[in-house]
Amino acid sequence: MTARYNFKTIEERHQAEWAGKGLFTAREDNSRPRYYVLEMFPYPSGRIHMGHVRNYTIGDVVARYKRMQGYNVLHPMGWDAFGMPAENAAIKHRTHPATWTHENIDHMRKQLKRLGLSYDWEREFATCDPDYYRWEQLFFIQMFEAGLVYRQKSRVNWCEGCQTVLANEQVEDGRCWRCDTEVVEKELDGWFFKITDYAQELLEGCDRLTGWPEKVLTMQRNWIGRSVGAEITFPLFGMDGEIRVFTTRPDTLWGATFMSLSPEHPMALKLCMGTGQEEEVKAFIERWRKIPAKERQFTQSPDHSIARPKEGVFTGAYVKHPLTGECIPIHIADFVLMEYGTGAVMAVPAHDQRDFEFAGRYGLPIKVVIQPEGANLEPETMKEAWEGPGTLVNSGPFDGKDNEEAKVAITRQLETQGLGRQKVSYRLRDWGISRQRFWGTPIPMVQCDTCGLVPVREQDLPVILPLDARLDKQGRSPLPRLESFWSTTCPKCGGPARRETDTMDTFVESSWYFARYVCPDENKAPLDRKRVDAWLPVNQYIGGIEHAILHLLYARFFTKALRDLGWLSIDEPFANLLTQGMVLKDGAKMSKSKGNVVDPDEMIRNYGVDTIRLFILFASPPERDLEWSDQGVEGAHRFLHRIFRLITENLEGLNSVRAGRQTLINGTKATRALRQKTHRTILKVTEDIEQRFHFNTAISAVMELINEVMGCLNRYGTPGMDKQGDWAALREAMEAALILLFPMVPHITDELWRLLGHQKTIGLEPWPVPDLDAARADTVNIVVQVNGKLRSQVEVDQDTDKENIESIVLDDPKIKRYTKGRAIHKIIYVPGRLINIVVKG
RNA sequence: GCCGAAGUGGCGGAAUUGGUAGACGCGCUAGAUUCAGGAUCUAGUGGACAUUAUAUCCGUGGGAGUUCGAAUCUCCCCUUCGGCACCA
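FYI, the numbering used here numbers position 116 of the first sequence as 116, with every residue one higher than the one before it.
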C-alpha cells in the first residue's frame, strides 16, 4: 500500500514552507521585468465567500504563472475597510466599528492564507488605518487647492436605509446599490470631486484601453455620454435678458415653435411675473415638487399603462427666435432636466418625439423643417416626430441643404451673430463624495465664520476618526454631536471654527489603493515616485463586473487627478482588466436569503484547497458565470487523487531515470507518441493561459496527457516498462503535467515534485518550453469529404504533397463508391487537415 | 424602447483563422473487483434507423442566404441575460 493523498497535511506543510522562505515577497529588482497583478480588495464583511475564492484563485494562477516565466511579480492584498456594515454591526453589538472591522480582517486573513494564495503579505494595509487615510486627506486638500473639489448645496440622492447621500453612479433603478432602499431626493450641502473636468479624457482613454473588455468600455462611454451640438441664445421678448439652450439638432432651429424650461430653472418664476400666468405657474411647480423622484422618470416608459403624460404650463413670456426674430412662447415642461445642458430646450415638435407629445397635448404648432428622402411630411398627418436625416425646408437661406451640413452652417451663422456656438455636453455629473456617516475618512476641512471654508493644515493631518465615539441607534453619525471632534480653531485666523463632520465616500479609498501597495512603508509622503513609476500601471487587474462603472471610473479619474498633482506619471491605472463572472448555485447568485450559499471553509475541510481551486478553474472560463456543482467538486478531487496515485504507485520506475533528451532519442513508437502529446500539451496550456486565461481548457489538456500516461502504463503494464527510454518519457510527461498544473493546484504538485526527487519547490521551476521537434507528428490524419460530407480518413506522411494525397484518396474504395460514374468537378485541399472532392452528376 | 452579449448532448463546457461538432469533466449504462456498499479499473454513451455496412440519415434556438464546406460569415425572427432609459 502506498501513501494516501492527505491533502490537509500536504497543504499546511507547503504553505508553511512558502511563507517561511518569503517566496512571494516582491523586491526592487531591475534585473527582471516587473509584473503587477491585483485583485479587487475585499470589504472585511466577516467571511470569505465563493466569489472571493474565485476572484483570488484566478489572480493567484496569474501570479504564479508569471513568476515561473521569470517576472518579478507584485501580488498584494489588503482591506477596503471603511463602510456601513461596520457601523451597523457596531450599533448592534455595542462595540466600535474599528473593533468589529479588525476582528473580521484577522479572520479573513486566516481564510485567505488557508487558500494558499501567493500574496506578499508584507504590503498589507487596511484603508481605515490613519496611516492610509491621512494621505487621502492630503490628496483632498491638494485637489481642493487645485480647484478639483468644491462644496455645493444641491438636490441629492438620499438613502433612508443607509442614512446618507449616494452618488449618481450608486443609484440603480431608483434604489440604493448597497441596501436596495428606494432613494429619495433631498436638498443638502455636500462636497464634490470635479470628475467632469476629465470627462473628455476619460472618454478618449477608453479607446486606448485595449486590454479591457469591450463591454466595460461601452458602459463607461455611455455613462460619460458625450454629445456634440450647439448652445443657442434666445433673447427675451419685451424684457431684458436671454435664455440659453443646448441642442444636438441646430439643423432644426427653424422648426422651433416654443421653448421648454425645467420646473427648477431659475428663470421659471421670474418670467411669469405680471403676465397673469403667475398663479398657474406657481401651482404647477408646487405640484411637481411633490412628485417622488422615482415617478418623475416614468413619463416615457414603453409600457403606456404606467406612463405619465408630459405636463407643463405656459409662463406668459416669450423669446425671440435668434435667426427669424419670430416670437416664441416659453413653457415649463416637467420632462426637462435641470442637471443636463442649460435646463432649457428649444422645442421642435416635428423632429423630437418628446416635443411632439408635449405640443400635441397643449395644442402647440408643429413646423416641419426636415423632409426625409422620398416622403412629404405634413404636420396635420404626422403620428410621431421624424428624428432621422433629410433635407431642410422652411428654413430660409438653408433650404435644400442636407441636415448634417446644415448643423455646421447654422451653428456658424449663429456664431457670427454672437447668438450661439458649438458646444459639447456630457451626461456625467460631478462625483458627490460627502457621506453623513461616521465610519469613513473625515473630510479635512474647517468652517470658519470669518474665513469661510479652510483646509486643515498639512502638518495637522491626519484628522483622526475618534475611537471613543458612541453610535446612536438610528445610524446617524455621532460626529456632529461630538464637540471634541468638531470644535477647532481656524487654520487661517485662529478663531473658533467648526470641523466638517461629513466623511468621504468609501470609493475614494479604492481609487488609489493600488498605488499605495507599491510603497506601503513610505511615511513621508503618500507615494514614493520612484517605486510608483517602476511598478504602475497594474498589468492585470481582476474583479467583478459590478464595478464596471463605479470603482473603475473613479479609479481612472483619481489616477488622472493624482498625475496632474504630480504624484504619478501614468494616465490609466489598469492596463489589462479581467471581469470574472458570478458564482451561482441552482442558477441563482448565492445568498443567505435563498439559502444556497456554499461555505468555502467547509469545502476546504472536505476536499482541500487544491480541489476547490481546480473545480473553480475547470468549471468555466473566468469571464463567465460559474454554476457550483458538488459532483463537479468530486470530479476535481478524483482527478487529483488519480495523479497522486499515478506517481506514488510508479515512483520506483519514475525515479529510475532522469528525464532528458539523451535517453529519449531512441524511443519506441509508443514513446514518441507520448512525447508528442507531452510537448503539444505544453504548447496548448501555455497558449490557453497566455492568450485568454482559459484555465478550463488548459486543465482539460493536462487531463488528456494524464489519460495518455495511464493508457501507456495499462497497455504495456508496469513490469514491461523497464526500458530506460520508456520510463524517461513517462517521467518527462509527469513532470510537465506537474509544472503545468502548479499555478492552479500548487500544493499537491509541489508535494509530488519532491517525491520525484527534487529538492526545491516546483514554484522555482521555469515555465517549460515545448520541444517543437518532439511535438511534430510523423504522419497526419487527412479527413476526406465528398461534396462536403465526411466519407473517409487517410493517414499520410507529414510531408506528402497534394498530388500524392489526391491519388491515394481517389483510390480509396470508400471514396470510389461516391465518385464512381460521376464527374470530378474540383478538389479542395487544406494542407494537413482535409481534402474535399466535389463531384457532379 | 435603444444598445450589447449569449443560445451547442441529461448537465458544466470544447471546437484559436470558415475545414472531423460534442475535447475534458459530471451523470448514466454494462462488466471486473468486493460479503455488501463505497472507492477503483475496463468498455460504452447526441438522436434516428436497425443489424453486421462498424453503414446511412438527422443534428449547434427557428427560418433563409453566401460557400466546395457554416456552431463560426450575412439577413430576418424567437428566447435569456446585462447595460441605458425623458440626456434635448
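Since the hints were derived computationally from the structure, they do not count as laboratory data.
The beta carbon of each residue, even a glycine, is placed where N, CA and C say it ideally should be.
Each hint should be verified, as a subset may be incorrect.
[Claimed, not checked] Here are the computed lysine-lysine pairs in the BS3-like style, where the Cα-Cα straight-line distance is at most 30 Å:
1) K492 / K524
2) K473 / K153
3) K589 / K194
4) K669 / K684
5) K186 / K290
6) K8 / K110
7) K215 / K492
8) K110 / K594
9) K589 / K110
[What the hints assert, rightly or not] Computed beta-carbon distance windows for the label pairs:
10) Q759 / D599: 32 to 42 Å
11) N222 / Q759: 29 to 39 Å
12) R563 / E623: 24 to 34 Å
13) D460 / E404: 23 to 33 Å
14) D586 / D402: 30 to 40 Å
**Request:** Any hints from earlier that this structure breaks? Give me their numbers in increasing order, please.
**Result:** 3, 7, 11, 13, 14
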